[in-house]
Amino acid sequence: MASNQFSSDWRDEPCYLVSVPKPLIPFVGGLMRILEQRGFWLTSEDYENGYAAVVEFEGCLMAACLDDLMQLHEAQYRMLNTALFGVTYATISTDPLVVTPAIAPHVTLDVHNQDSLLGRVDRLTQLVDNRLAGTETPLYDELPGIKQQLEEIIAALGEGTDLTEVISNLEAIALLLA
Amino acid sequence: MALVNTPTGQLKIDYRDASGSRGSTILHFPYDTLAAVVFTAADAISASLNALSDAAIDGYSITYTKREDTPATPTAGSRVEEKGNFVWRTNNGRSTRFTIPAIVDSVLNESGSIDKTDALIAALVAAVTDVDLVFASADGSDITALLEAYQSFRSSTKRQLPSDR
Amino acid sequence: MLKPAAIVELVWRDASGSTSATTVFAPSSLAVSAIDASATTLASLLMPLTGCVLVAQRIKYVWVPDEPVVASGNNLLTHTGVLFFSIDGSVSGGLVVIHAIDDSVFVSDGPGAGAVIDLENADISALVSAILDAGMCNPFAVPFLDVSGGYLQSRL
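Residue numbers (our numbering), protein chains in the order written: chain A, 15 to 192; chain B, 9 to 173; chain C, -8 to 147.
Treat the hints as calculated values from the structure; they're not laboratory data.
Any given hint might turn out to be false.
Stretch-level coverage of chain C by chain B, calculated; a stretch enters the list once three of its residues show a Cβ under 8 Å from a Cβ in chain B [to be verified]:
1. 40 to 52
2. 72 to 79
3. 86 to 98
Per label pair, the in silico range of CB-to-CB distance [stated by the list, open to error]:
4. 63(C) <-> 10(B): 18 to 24 Å
5. 123(C) <-> 25(A): 24 to 30 Å
6. 102(B) <-> 10(C): 44 to 50 Å
7. 109(A) <-> 123(C): 33 to 39 Å
8. 85(B) <-> 22(A): 36 to 42 Å
9. 57(C) <-> 82(A): 33 to 39 Å
10. 95(B) <-> 41(A): 45 to 51 Å
11. 45(A) <-> 9(B): 36 to 42 Å
12. 162(B) <-> 137(C): 57 to 63 Å
13. 150(B) <-> 57(A): 41 to 47 Å
14. 102(C) <-> 27(A): 26 to 32 Å
15. 123(C) <-> 166(B): 41 to 47 Å
Glycine included, every Cβ here is placed at the ideal spot set by N, Cα and C.
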């Protein structure tokens, strides 16, 4: 009888991720058979702990663990894609999990929804461009910009213009900023 | 010191594949499950396995095991290779036998036969041939009388040889 | 068919650590409890006759086919399907081995093609139902709850 021991707190230990080529899995799993036997372990407690661990390990070899990891990874990708770019996903089925659109090999900087993070940054950029510089953007077309109006006010003050008009222009600028 | 049930009994289903090699599938059931119940289940499981396997199901067995939780100390010098052989007549005119390993010298005659008049031997014979004990031969026939009882020695297997030789 | 006699083994251990069994037979129509009672009595009668100590007792019922059986295909014993069963507290708490498994039970596409067992296969479902209906468990008497997966292994 072998004298191998296996602690009852094995679940508290870290796990190491190993990739096993598919053709090798039948042999790796089959070799675990010896650990399923009472004679491999020193005591009945070692047998019970070792059996629990080795059967879970064998069960993981061809499905559950890596699939779960990949699904979580893909879910995280979709979360970021939605949050950053506004891409909308739909779940077609849960078992097996099918989500559309599929994850593409690469993405562009296209903003799919203005409520996404980049969409909102884009809106701010356009707003600043339009209000300050008077640039006509896809979202904002108010003219003239604040910069141009201030320049006109400064030019008017230099020629001794009526202050009433100046004040009116300043109020117009204030409205642009409201 | 007591024989304690293992947590489960074992259903062992035996196979033979096309090359003639033999193997088995072992399933476990709670120890207190009746054998008749397990046999009914075994029939259903075997039928399902037959549909899934290229091998032929060659038979199955159901085993209930008990283990001694605190074994006593064997007599110094005892060896299982020294056998007490007991040959019995059965009620269909055939015979059956069993052995007692490391038979004690106190029940032996000088010739190596077992003293049938010894009180312990007489008690054994009375119990085995009486209806109170259920034992029979391999074909199910009742045991009716002791025919022969004698000492013999079997050769040791390699595993039985002393490890410090 | 059930053999007429169950096998009863009383296992003894000598001073060197070697073991040997006294093998007797009992009618297989009897329940374990009845055979066990007689085995206990027999052990008590044998103990003063041996220098060994009793370490185990086994009662074994044996079924044999009533006519010769022939393998239905060419897959060898080591071509094995292993089904994993969940128990309370674990996705894989026990397993059942199917030797010389037929290749039709594996999924045919995806990364598991030819290796992962299709749990929707009718014959697999029938086996799983038979195992669960029978109340089968792992070696520690923890009952199986459901099948959780299965795949090809190379083992005896």
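Now the hints, each set against the structure:
Check on the region 40 to 52 of chain C: 13 of its residues sit with their Cβ under 8 Å from a Cβ of chain B, so the three-residue criterion for coverage holds. Counting residues of the region 72 to 79 of chain C whose CB falls under 8 Å from any CB of chain B gives 1; the rule of at least 3 is not met. Three residues within the 8 Å Cβ limit are the bar, and the region 86 to 98 of chain C against chain B gives 8, so the coverage statement holds. Remark: the range hint 18 to 24 Å for residue 63(C) to residue 10(B) is contradicted by a beta-carbon distance near 46 Å.
Taken as a hint, the range 24 to 30 Å holds for the pair residue 123(C) and residue 25(A), whose Cβ atoms sit roughly 26 Å apart. Restraint check, residue 102(B) to residue 10(C): a C-beta distance of roughly 29 Å breaks the suggested window 44 to 50 Å. In this structure the supplied range 33 to 39 Å is violated for residue 109(A) paired with residue 123(C), their Cβ-Cβ distance being about 20 Å. Against the hinted window of 36 to 42 Å, the Cβ-Cβ separation of residue 85(B) and residue 22(A) comes to about 40 Å, which satisfies the hint.
At about 48 Å, the CB distance of residue 57(C) to residue 82(A) disagrees with the hint of 33 to 39 Å. Take residue 95(B) and residue 41(A): their Cβ atoms lie about 50 Å apart, and the range 45 to 51 Å holds. Separation of residue 45(A) from residue 9(B) is about 39 Å and conforms to the stated range, judged on CB atoms against 36 to 42 Å. Checking the proposed 57 to 63 Å range against residue 162(B) and residue 137(C) shows it is violated: the Cβ atoms sit about 49 Å from each other.
Here the CB-CB span from residue 150(B) to residue 57(A) is close to 43 Å, well matched to the stated 41 to 47 Å. The hinted range of 26 to 32 Å is satisfied by residue 102(C) and residue 27(A), whose Cβ atoms lie roughly 28 Å apart. With their beta carbons about 44 Å apart, residue 123(C) and residue 166(B) fall inside the hinted range of 41 to 47 Å.
The structure does not agree with the numbered hints 2, 4, 6, 7, 9, 12 stated previously, though it agrees with the rest.
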